Amino acid sequence: MLEIESLTAGYGGVPVLRDINVKLGVGEIVGLLGANNAGKTTLINSLSGTVRPISGRILFQGEDITAMPPRLRVERGIVQVPEGRLVFPDMSIRENLLLGGINSRARPHRRQQMDKVLELFPRLGERLSQNAGSLSGGEQQMLAIGRGLMAEARVLMLDEPSLGLSPLFVQYIFEIIDRLHAEGLTILLVEQNLNLTLRHAQRCYVLERGQIAVEGVADAVRDDPRTKSAYLGL
Amino acid sequence: MRGEFYKTLSSPIWWGVLAVAATLPFMLSSYYLHILTLSLVYVALASSWNIVGGMAGQISLAHSLFIGIGAMLSSAMLLKLGINMWLGLLISALISGALGVAIAWIDFRFQLGHLSFVLITLAFAEMGSIIVEGWDFLGGASGLLLPKDTGNFLAFQFGGGDGAFWMMLALAAICVLVNVAILNSPLGYYLRTIRDNEKAAQAIGVDILRYKITAMAISAVLASVVGTAYVRYLTFADPYLLISPVITIEIVLFATVGGLGRAYGPALGALLLVPLGEVLRGKLGSTLPGLHYFIYGIVVIGVILVTPRGLLPLFEGLWRRWREAR
Amino acid sequence: MSELYQALAQGLLIGSSYGLLALGMGLVYGVSGVVNFSHGDFISLGMFMCLALYSALSLDPYVSVIITVPVMTAIGALVYLFLIRPMVGHQFLMVVQLTLGLSLVLQNGILMVFGGQPARTPSVVESKLLLLGDVVLRVPHLIAFAVSFVLAGGLYVMLRSTDFGRSIRAVHQNAHAAALMGIDVGRVQVMTFALGIGILALAATLLLPGTPIQPTQGLRYTVITLLVVVLGGMTNFVGIMLGGLVIGIAEAFGTIYLEGPLGLLMPYLIFVLIMLFRPQGLTWSSSR
Chain A
3 MLEIESLTAG YGGVPVLRDI NVKLGVGEIV GLLGANNAGK TTLINSLSGT VRPISGRILF
63 QGEDITAMPP RLRVERGIVQ VPEGRLVFPD MSIRENLLLG GINSRARPHR RQQMDKVLEL
123 FPRLGERLSQ NAGSLSGGEQ QMLAIGRGLM AEARVLMLDE PSLGLSPLFV QYIFEIIDRL
183 HAEGLTILLV EQNLNLTLRH AQRCYVLERG QIAVEGVADA VRDDPRTKSA YLGL
Chain B
7 MRGEFYKTLS SPIWWGVLAV AATLPFMLSS YYLHILTLSL VYVALASSWN IVGGMAGQIS
67 LAHSLFIGIG AMLSSAMLLK LGINMWLGLL ISALISGALG VAIAWIDFRF QLGHLSFVLI
127 TLAFAEMGSI IVEGWDFLGG ASGLLLPKDT GNFLAFQFGG GDGAFWMMLA LAAICVLVNV
187 AILNSPLGYY LRTIRDNEKA AQAIGVDILR YKITAMAISA VLASVVGTAY VRYLTFADPY
247 LLISPVITIE IVLFATVGGL GRAYGPALGA LLLVPLGEVL RGKLGSTLPG LHYFIYGIVV
307 IGVILVTPRG LLPLFEGLWR RWREAR
Chain C
20 MSELYQALAQ GLLIGSSYGL LALGMGLVYG VSGVVNFSHG DFISLGMFMC LALYSALSLD
80 PYVSVIITVP VMTAIGALVY LFLIRPMVGH QFLMVVQLTL GLSLVLQNGI LMVFGGQPAR
140 TPSVVESKLL LLGDVVLRVP HLIAFAVSFV LAGGLYVMLR STDFGRSIRA VHQNAHAAAL
200 MGIDVGRVQV MTFALGIGIL ALAATLLLPG TPIQPTQGLR YTVITLLVVV LGGMTNFVGI
260 MLGGLVIGIA EAFGTIYLEG PLGLLMPYLI FVLIMLFRPQ GLTWSSSR
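Residue numbers (the working numbering), protein chains in the order written: chain A, 3 to 236; chain B, 7 to 332; chain C, 20 to 307.
No lab work stands behind these hints: they were computed from the structure.
Possibly wrong hints are sitting among the right ones.
Using C-beta positions, here's what the derived DEER-type ranges look like [stated by the list, open to error]:
id : chain 1 : residue 1 : chain 2 : residue 2 : range
1  : B       : G308      : C       : A93       : 18 to 26 angstroms
2  : C       : S146      : B       : L100      : 53 to 61 angstroms
3  : C       : P298      : B       : N158      : 50 to 58 angstroms
4  : A       : L61       : C       : Q110      : 36 to 44 angstroms
5  : B       : H120      : C       : R206      : 26 to 34 angstroms
6  : B       : S191      : A       : S168      : 48 to 56 angstroms
Predicted, not measured: the structure shown is a model, and the values here were computed from it.
Glycine included, each C-beta is placed from N, C-alpha and C at the ideal position.
So that you can see chain A by itself, here it is in the shape it has in the complex:
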């Protein structure tokens, strides 16, 4: 469904990612692992279109989207749930969700989609008019995922959903992720947390200093000694 070919990307001409090759099949959960600053966020932003590639190609359902602006990618269903839960702090939960569904494909059925999202996250429904900036970390993460779902994603890319959350919340979030996957959603999971990701993802890539160090099915990646060294910088 989503293919990255020989991607080199970075900021201001300085490459952060070098010659990346990643494949995401329909209905898969794929994990993207790596230590801090390995390039995970740059990769996910390249997929979203907010980072321009220096060279290489990105294909979505066979279509070359390398030069496509973020707006059109969202309309095709490539949706990112960003790191740090970049919710809009001075807007209510309801407004955040409404914004999630602002793209032209999702907008017609925003109301129904919002009902579905609130069913998934009843906690959010209880505080619809509360400002997002005053929510707890876990609630903000729920809001971010809910917001991402409002866009009617075909591929959902989550950037470190477990960051800064209590174990209970993390479990809750990942139950939701599993549920979404069971319903057929293709998911790219970008995470620092090795064990958590290996438990939920089918295949994994490990990024080290801007390049793919290890790739394969979850078990193989777990047992691969290069994985540990990529994290520990050995």
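Assemble chains B and C onto chain A, guided by the hints.
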């Protein structure tokens, strides 16, 4: 770091340029010499502002106060109190310095945001302008006419176009050198940290107050001295020129377009834009009112669109590419 | 005592328009990070357009709005696309210098076309007065007051309840996240700038009747708008409207009670006092 400064001081290029420049009065007509002299005044003024606005990142619009004090106060003291203009220069410089320190202190004490600081310094500048225009001692709205320049250096006179040119050349060189000195000294380093991230600088223990005050004091004193020299050159102390906020806006334009925070940036900006403005005014000023400024504005917009990082980086880039091509 | 009420009334009436002017600037700043120092000269442009339309077609300024607002909005979009957008990412002060260059162009362009003599644009309501006790209220000021508040209210509703308004707030609060929602950040920026200029066209009409206009007045409006915007905390809707009223009242008190140029200092003084002792300006809660 200090080495850079001494390298400049002993650089043959520097002295060569100065020497060549010094011969210009013998080669140029008085009209072009006047334009060049004017440019040098603004080189000096823009360079003095650069210390506070470019290096420390404090966009102060109060500069007209220092220039105005240097010009109007020394003129008033000469005409109304018979005080020698050299002494007037000194007194004005001290007062300007003190005022600058006060403004810097206010900035620090009240933790002013950048735009707040801009507007508050503008407020002071407007107040200063109104005070001078309403105070007869300082010439009121009609200004002051200085005695004719007969070349008596002890009375702070330059003796006409040539002498004035050399005086401004010296002042401009001094102001630029001060820029070079500061940039290559610990002061310059601290000012840059304040400019780039004041909170972080404070967190690592940089004495913000001391450096802001130092920068402002140096800047104010230089501006005041140039102001005194400028008014002597013009012979007429016009409050609408010398203490109006407009002069600060011009200076900031030169410093920014030339290259903010760089030693030679403001000089470049002034040397390009002042002659442009004067030539435009000369050629078009009497045809249709406003035409010369209209074109000047278009040129400024064009220059900025073409070199958004400033003229100095542009020239450096060209220089580098020329050297690589050899 | 009636002087006091007169000053207060006048200040409130004009201040509402100042607030409106500042809202335009605040919106643009929040969305593009740009402070347009030719803001006042666009107001000038709007006013002189009304003058031209009056001279050519005998149109009352209140009617000219129909033409000036769309025209100025289009001009705003063009200015943003060709002059401001290329400067995205560059030094703030450099962008400011560009807008100052634009200010020179506008001011002197107007000077070249209309000459430097103060001119008046007659309007049907120009000399009508309303008497409230001892206080004389001029009808143009009342119209300005009413329209400004209605427009500010409309803006508020737009920002709160429409998708476009939400996009604007989203881009202001987090442009990156907004892009991830599929919002065309670039388009929002152009439209916000154009909207800001369009508002200026309207404000020009409101401020015009009864006021002699000159090409050089732009700077004065720019400074007043800056004072109001900074007082209002740059992007705080209520703060800015409040700031407008404060500056309006300060100016009115200054001109009525103090002589000549000293009166013009009042807004500055009030500004300095407020910002020194309350650096966050007139903002209370974070409402946007």
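Okay, the hints, checked on the actual structure:
A hinted range of 18 to 26 angstroms holds for the C-beta pair G308(B) and A93(C), which are about 22 angstroms apart. Distance hint check: the CB atoms of S146(C) and L100(B) are about 55 angstroms apart, consistent with the given range 53 to 61 angstroms. Our hint of 50 to 58 angstroms for P298(C) and N158(B) holds, since their Cβ atoms are close to 51 angstroms apart. Under the hint 36 to 44 angstroms, the C-beta atoms of L61(A) and Q110(C), about 39 angstroms apart, fit the expected range.
Look at H120(B) against R206(C): about 29 angstroms separates their beta carbons, and that is inside 26 to 34 angstroms. In this structure the hint that S191(B) and S168(A) lie 48 to 56 angstroms apart at CB holds, the actual value being about 52 angstroms.
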